[in-house]
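Chemist: Each chain, written out:
Number of protein chains: 4
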Amino acid sequence: MSEGLKVVTIGGGSSYTPELIEGFINRYDELPVKELWLVDIEEGKEKLDIVGNLAKRMVEKAGLPIDVHLTLDRQTALKDADFVTTQFRVGLLDARAKDERIPLSHGVIGQETNGPGGLFKGLRTVPVILDIVKDMEALCPNAWLINFTNPAGMVTEAVLRYTDLRKVVGLCNVPIGMEMGIARLLDVDHSRVRIDFAGLNHMVYGLDIFLDGVSVKEDVIQKLSSPENSSFVKNVEGSGWEPEFLRALNALTCPYHNYYYNTDVMLEKELENYRDGKVRAQVVQKLENELFELYKDPDLSEKPQQLSERGGAYYSDAAIRLISSIYNDKKDIQPVNTINNGAIPSIPAESAVEMSCVITKEGPKPVAMGDLPVASRGLVQQIKSFERIGAEAAVTGNYDTALLAMTINPLVPSDKTGKVILDEMLEAHKQHLPNFFQPTKN
Amino acid sequence: MSEGLKVVTIGGGSSYTPELIEGFINRYDELPVKELWLVDIEEGKEKLDIVGNLAKRMVEKAGLPIDVHLTLDRQTALKDADFVTTQFRVGLLDARAKDERIPLSHGVIGQETNGPGGLFKGLRTVPVILDIVKDMEALCPNAWLINFTNPAGMVTEAVLRYTDLRKVVGLCNVPIGMEMGIARLLDVDHSRVRIDFAGLNHMVYGLDIFLDGVSVKEDVIQKLSSPENSSFVKNVEGSGWEPEFLRALNALTCPYHNYYYNTDVMLEKELENYRDGKVRAQVVQKLENELFELYKDPDLSEKPQQLSERGGAYYSDAAIRLISSIYNDKKDIQPVNTINNGAIPSIPAESAVEMSCVITKEGPKPVAMGDLPVASRGLVQQIKSFERIGAEAAVTGNYDTALLAMTINPLVPSDKTGKVILDEMLEAHKQHLPNFFQPTKN
Amino acid sequence: MSEGLKVVTIGGGSSYTPELIEGFINRYDELPVKELWLVDIEEGKEKLDIVGNLAKRMVEKAGLPIDVHLTLDRQTALKDADFVTTQFRVGLLDARAKDERIPLSHGVIGQETNGPGGLFKGLRTVPVILDIVKDMEALCPNAWLINFTNPAGMVTEAVLRYTDLRKVVGLCNVPIGMEMGIARLLDVDHSRVRIDFAGLNHMVYGLDIFLDGVSVKEDVIQKLSSPENSSFVKNVEGSGWEPEFLRALNALTCPYHNYYYNTDVMLEKELENYRDGKVRAQVVQKLENELFELYKDPDLSEKPQQLSERGGAYYSDAAIRLISSIYNDKKDIQPVNTINNGAIPSIPAESAVEMSCVITKEGPKPVAMGDLPVASRGLVQQIKSFERIGAEAAVTGNYDTALLAMTINPLVPSDKTGKVILDEMLEAHKQHLPNFFQPTKN
Amino acid sequence: MSEGLKVVTIGGGSSYTPELIEGFINRYDELPVKELWLVDIEEGKEKLDIVGNLAKRMVEKAGLPIDVHLTLDRQTALKDADFVTTQFRVGLLDARAKDERIPLSHGVIGQETNGPGGLFKGLRTVPVILDIVKDMEALCPNAWLINFTNPAGMVTEAVLRYTDLRKVVGLCNVPIGMEMGIARLLDVDHSRVRIDFAGLNHMVYGLDIFLDGVSVKEDVIQKLSSPENSSFVKNVEGSGWEPEFLRALNALTCPYHNYYYNTDVMLEKELENYRDGKVRAQVVQKLENELFELYKDPDLSEKPQQLSERGGAYYSDAAIRLISSIYNDKKDIQPVNTINNGAIPSIPAESAVEMSCVITKEGPKPVAMGDLPVASRGLVQQIKSFERIGAEAAVTGNYDTALLAMTINPLVPSDKTGKVILDEMLEAHKQHLPNFFQPTKN
Ligand SMILES: [Mn+2]
Ligand SMILES: [Mn+2]
Ligand SMILES: [Mn+2]
Ligand SMILES: [Mn+2]
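In the order they appear, the protein sequences are chains A, B, C and D.
Following UniProt numbering, the numbering of the first sequence begins with 1 at its first residue and continues without gaps.
Following UniProt numbering, the numbering of the second sequence begins with 1 at its first residue and continues without gaps.
Following UniProt numbering, the numbering of the third sequence begins with 1 at its first residue and continues without gaps.
Following UniProt numbering, the numbering of the fourth sequence begins with 1 at its first residue and continues without gaps.
Quick caveat, the hints were computed from the structure, so don't treat them as lab data.
As the structure is a prediction and not an experimental result, all values here were calculated from the model.
Be careful, since some hints might not be right.
Just so you know, same-sequence chains aren't split out, so a pair can sit in one copy or run between any two.
As the list claims (entries may be wrong) - Straight-line distance between alpha carbons at most 27 Å, and here's what the computed DSSO-like set of lysine-lysine pairs gives: (1) LYS34 to LYS330; (2) LYS217 to LYS361; (3) LYS45 to LYS56; (4) LYS419 to LYS217; (5) LYS331 to LYS217; (6) LYS79 to LYS167; (7) LYS361 to LYS223; (8) LYS419 to LYS223; (9) LYS34 to LYS98; (10) LYS217 to LYS167; (11) LYS134 to LYS430; (12) LYS419 to LYS269; (13) LYS330 to LYS361; (14) LYS223 to LYS416; (15) LYS269 to LYS416; (16) LYS167 to LYS419; (17) LYS361 to LYS331; (18) LYS79 to LYS361; (19) LYS361 to LYS419; (20) LYS34 to LYS296; (21) LYS331 to LYS167; (22) LYS98 to LYS330.
Given only the sequences and the hints, what does the whole structure look like? Please build it.
Modeler: In structure tokens form, the structure reads like this:
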């Protein structure tokens, strides 16, 4: 890394890219990126050109010596990379719409990460990630893989179980969003708040909350279960919890917990969106189209304000913070997805967990806080089983394994309904599931 | 125990009692019961008299020197007992009807053991069991507590966590029923079949199946997932599984798994029963009324055939087998609820599990088969969390804790719906929940 | 196995063989051996002929239809075998003498199983066992490997870690000897005594002791620490324990514990034997020579009394009991070496342990008794580490790994002394350590 | 803590105190100590006066507003304290001399922390620490206990097992000394080196070594096992390791490992010291006498150079670094003794371990690095068993338990020799072992 870093972003044509660029620009002092390669596939070429040219204009305006490369040739890009970030979406938003809509058409929440939709996102994504890892092992064996692609838990689990790469981190903006939400609730600067996170991706709990190093959990739980904060809570946490439930749980939930502890309410909302043609993928598609219209403007040379509505807030910040802490051996604490190593005793030591880690030059190391509270242990274990079996199905292309993953998902009401959804989704995503449809497999 | 055993049956007025008597009569040679005390409470006096007199006639007809005592005085009965069996039902079938019907009135399966109904059965039962244990520690400290009262998992967990009694076994007829069902499927005598059981009460899996000591699991799974056996399977296993699901699960399910892997189908059935006034408690109530009419017949001196329809088949056999194996140090293998001791590594060592155990004079010792299959680990953990928090709520009478137990139950769709059910059920069962309603508690 | 069993005994020329034959004869009713193949290597041909012919005479006298085959062709023997027992000794007693004498020449106890001598026995034996397993996988994939060859713990660990064979059991006569000793101490028949064993081979503890199913541990510990039983205790347990130590340990020790809890006393004894040319190997060599003289007698057709002095008492009984319980799916409890599966939580689940197991047709299953007492946990862990690293050294032929195993052994006082012993022993055993001396390895 | 901290040092008359004072002075900017209470007992009054007055002169010279109080009244001192440090020595150096000399008189290394000497140091110290904790719970329930008193592992274990105090940290200068030694070996500034520590107090391993965040373990192991560094290594690591052993161990040892992996060499040295009247306690006593002579000089107002020879180098720095990181919520990584919480899976979660922790305002949190290497697991477990049983003996005053702790210590060759040493040491330390000699106990 002697003369500046080479960073490769796979899925570089994503609408998120300007945020990432902004991040690299803002932290150039501590993170001297020399080359940034934005990689995409043939179908994404147009978007890559649009967003890539915006990236170049942003760098130029900032006056920084970062070379931005646009390419469809992944292997050339990966050669000698220092950091590889992945933010691609196999099948684009169209596929996500199917992930969300097909389950809903059978009365089941799709949930594009830890639900039946997430299973299919995993089936499409895991083989591509494993392919990238294979390339990395050959072309840049010392590089870090920073994965933003969902389902980040299943993807990290798959890399840990099915490859030898250990320099992998799964990243999500949910924990940092929770910390910022709590800072707003307490009306203090984010830097003064720290949460002890433990759990899995999109199934993470805040086990304790500190303001200037002193626990304020009791106070925060009190505030979160108070009616006067209900609109705030709905905004941060979903539809709000029953105060008695939250007090007994005695931990912060993440927004995705609504799918599991608030299933009927969420289902009703989602069905309404389904009927209105406004499931999240559809809303996002519209936003993205608008964003790309903006990005095309040759006079635009900074991240447009509208991107923040897209929902990926803090992603850039989380990603650059992480890369910088690794690069600079900062030894600060950040919540990421990494190997458990016993930090959560009821989860296998070799599995992926999402928890507060010390970030060193050799990567994140989980902070041991003891086992999860009894109340959260079951649901976390269930999603972990889902992630493991989902990853296995993705790798083997085995139909039975896929049905097992589908059926044990907490959102799926039966093997029968699971099979109906599975069959319909396999058909719908056929072209992106070669492991399931190639004649030689399984 | 020198001159014959003293056995105490709490809830002796139960309609099951004739089966138990029959068991003691049939195994008198190996299990010399000298005194059998049937204990009940004031409200159960009439039934105790009816069934108790039948018991006496049965013993007399068998010509055995067993003294049958009927009493409302539990402490006199417990003095110097060798075995204490519990089969009482706090609030009788009326309470069970509420456990089943109130959740259904909100579109939720009641499930009287591991569902919201089971939570309330636990809240009513655990304090009574702990009271019995207190009496036992004073009056018969060397006796064994053989508990049939549901929810047997939560009850065993509560005894292990909140008392010092270690001579406790939870007993269920489900595993033995599964073995007999598989024997019928294979068309062989039950004695030739053995299943490796592991899991929790009413959440137990058959991890392997042996015929004459040789694994026939693959064959059995094949048979169970074949259409030609579908009517058999529906009978034994519920509504039948998707073959691909069962093959991937690669383990036997118990009938109660239908509530969790077949939720929508079961809910539909139960709602129909609800509308027809035919939930299980109501059906059983009718059967019991008929049984007690039969029991009254002074000429009846054996277990009437109709009892087998009641649903407790093999209970007597399972109970007497267990007591006899303890008494005779038989060292045979039986599936019971006992302390885990590490046999299932992902469950706390000090928690109750239901699994194949060697039965010795000093009680059951679990057989270590390694951890549960990944696919079952999540659901089992979730029910274990439910049992632990439910037991805690029963002991403390804490409302918040009860709502937490309710909400994390896999059948309950949200904290909001959970709270509605909780409030309505607390009110309905008020008189049997002194820990929740006494002014001094909590 | 339809028409009688084929049993193969590798190291068939051993002086123990007549005991084994006697066992097969005595249990022929329950264990119908049709073919018994005694296999040895070229150097053992003479002894094989002598003992093999005695075996034939014994079978003939018993009038049983067991075909006894003598062969140097292991692969022919293994074809379609049902049970393979191993009792060979690489390098014969000569090698054992070196295992014992070289360490003693540096003031260190040799201990031919869990000491520095045992390391070398393992280095010589493990590769041969792995070779046998390879043959078995090809020629009799359904057979059971019943290993008596020491160090049985390291050998079982090696098979579990470096092969796919799971039908392997390590067998030792120490636990059965402890039970028989306790029966004599209590002056009751052996059949009435049962001990809960847990630990490792030659490092096994009796955690509880039952007479007719009732714990008599306190009483036994009292007796064992009473001066009036000191001569008995010395005989069974070695040189006797300090009563206060034994009471606090609150468990039965095995004779080999003397090497670890009684090191200075044992060392003194052994040094005396060393100076007198009477270390165990030398004593045994003399006994064996005498035995083989007896065996040659064409009129001898039964096991001579003198064999019992050889020290392998109960081996035959333990072995045949085990084979019969597997064959007949007896489900009785026997102490053997097998995979831990979580039964001892502080030992890795996949490691070998020696403990009370239920013996079924599919092999031994450990009985979960909870973790080891705190006081034994350290020493057991240390020997387990020694076994694992010793096995690794045997497989890889890596010098550094061998020195690590040597140095962490509790009997070896330093890496320096360890290296001196290691170098001298490597040289002395050169011809039996091809992994260390072949030019291509490591 | 609003207006400056109150720090209480128990054993304030120690010769180490000037180093501590220097530390507080040097870090006053980040750690505003307002009151420093030096507490000692009657027998230590003279030394307390001498060193306390030096402390006052040092503070005065530095011109800082720190109030130094000297007192024999512990309870007054503890009132509302923020940090309590303990550096007392029950029985003074005289007792340590017995800890070292009595075992040596029987040919056994005394080892004043993890050997038989350490057992006695624990038996004397643990009850006093538990008394201090009782006072703290009453008088300063929010204070941190920073314990330097040896045996720090056993003491921390005792506080975790026998009190409710969780704000306890055990501190040792060994790890920081190892880091500084490696920095010297690499000829770089200490700040650039970081070691991943894991194990127990005085039984800690460096599992990895980083220079500027990049692992240099292989290189360091190479250097440490190279003859050209032998004098350096002897100085840092003891007598030097066999290169092959160190390479296979593949971890840094701490100096105390010499007692366990280098026992015969160490014993010889210690026996020589014993014969010459120069065991460590005797050497230190002489140094201390000289130091106190220096301390008396009314013109001395800084830490004298000679203190560094005393052997407690970096203690002050380690202590103040730790206190400051807690006070300032620094979230840096430091090696300390604290609750394991699963970070080392083969050690009980609730036990004390010494490992790299993130230091936050709510104390140290271990960094999960996975289980210990197989080779170290046994010895660490054995010392952990010794610590637990030693702590139990200290609390109960039970003779049998004390003999058990003695016998399982790896340095003690038998229960017989252990008993001889135990009896002689109990007698020698009688006055400081009230739990063993009060008529009412045990
Ligand atoms: Mn996310
Ligand atoms: Mn049941
Ligand atoms: Mn043996
Ligand atoms: Mn220290």
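Chemist: When no copy is named, should LYS34 and LYS296 be tagged within, between, both, or neither for a Cα gap of at most 27 Å?
Modeler: within (25 Å within a copy, 63 Å between copies)
Chemist: Using 27 Å as the alpha-carbon threshold, which applies to LYS361 and LYS419: within, between, both, or neither?
Modeler: neither (45 Å within a copy, 37 Å between copies)
Chemist: Within a copy, between copies, both or neither: which one fits LYS79 and LYS361 at a CA-CA cutoff of 27 Å?
Modeler: within (21 Å within a copy, 44 Å between copies)
Chemist: With identical chains, the pair LYS45 and LYS56 could be close in the same copy or across copies; at 27 Å between alpha carbons, which is it: within, between, both, or neither?
Modeler: within (16 Å within a copy, 75 Å between copies)
Chemist: Reference check for the pair LYS217 and LYS167, CA-CA at most 27 Å: within, between, both, or neither?
Modeler: between (33 Å within a copy, 18 Å between copies)
Chemist: With identical chains treated as interchangeable, where does the CA-CA distance between LYS361 and LYS223 reach 27 Å or less: within a copy, between copies, both, or neither?
Modeler: For LYS361 and LYS223, only the inter-copy Cα distance (23 Å) is at most 27 Å; the intra-copy one is 38 Å.
Chemist: Since the copies are identical, ignore which copy is meant and state whether LYS34 and LYS330 lie within 27 Å (CA to CA) inside a copy, between copies, both or neither.
Modeler: Cα proximity of LYS34 and LYS330: one copy only (21 Å, versus 32 Å across).
Chemist: Is the C-alpha distance from LYS419 to LYS217 at most 27 Å within one copy, between copies, in both cases, or in neither?
Modeler: Answer is between: at 23 Å across copies they meet the 27 Å cutoff, but 43 Å inside does not.
Chemist: When no copy is specified for LYS330 and LYS361, does a C-alpha distance of 27 Å or less occur within a copy, between copies, both, or neither?
Modeler: both (8 Å within a copy, 19 Å between copies)
Chemist: Taking 27 Å as the upper bound on the Cα-Cα distance, should LYS419 and LYS269 be classified as within, between, both, or neither?
Modeler: For LYS419 and LYS269, both the intra-copy (24 Å) and inter-copy (20 Å) Cα distances are at most 27 Å.
Chemist: Given identical chains, is LYS34 near LYS98, meaning Cα to Cα at most 27 Å, within a copy, between copies, both, or neither?
Modeler: neither (39 Å within a copy, 65 Å between copies)
Chemist: Taking 27 Å as the upper bound on the Cα-Cα distance, should LYS217 and LYS361 be classified as within, between, both, or neither?
Modeler: between (31 Å within a copy, 15 Å between copies)
Of the numbered hints given earlier, the model fails hints 9, 16, 19, 22; all others are met.
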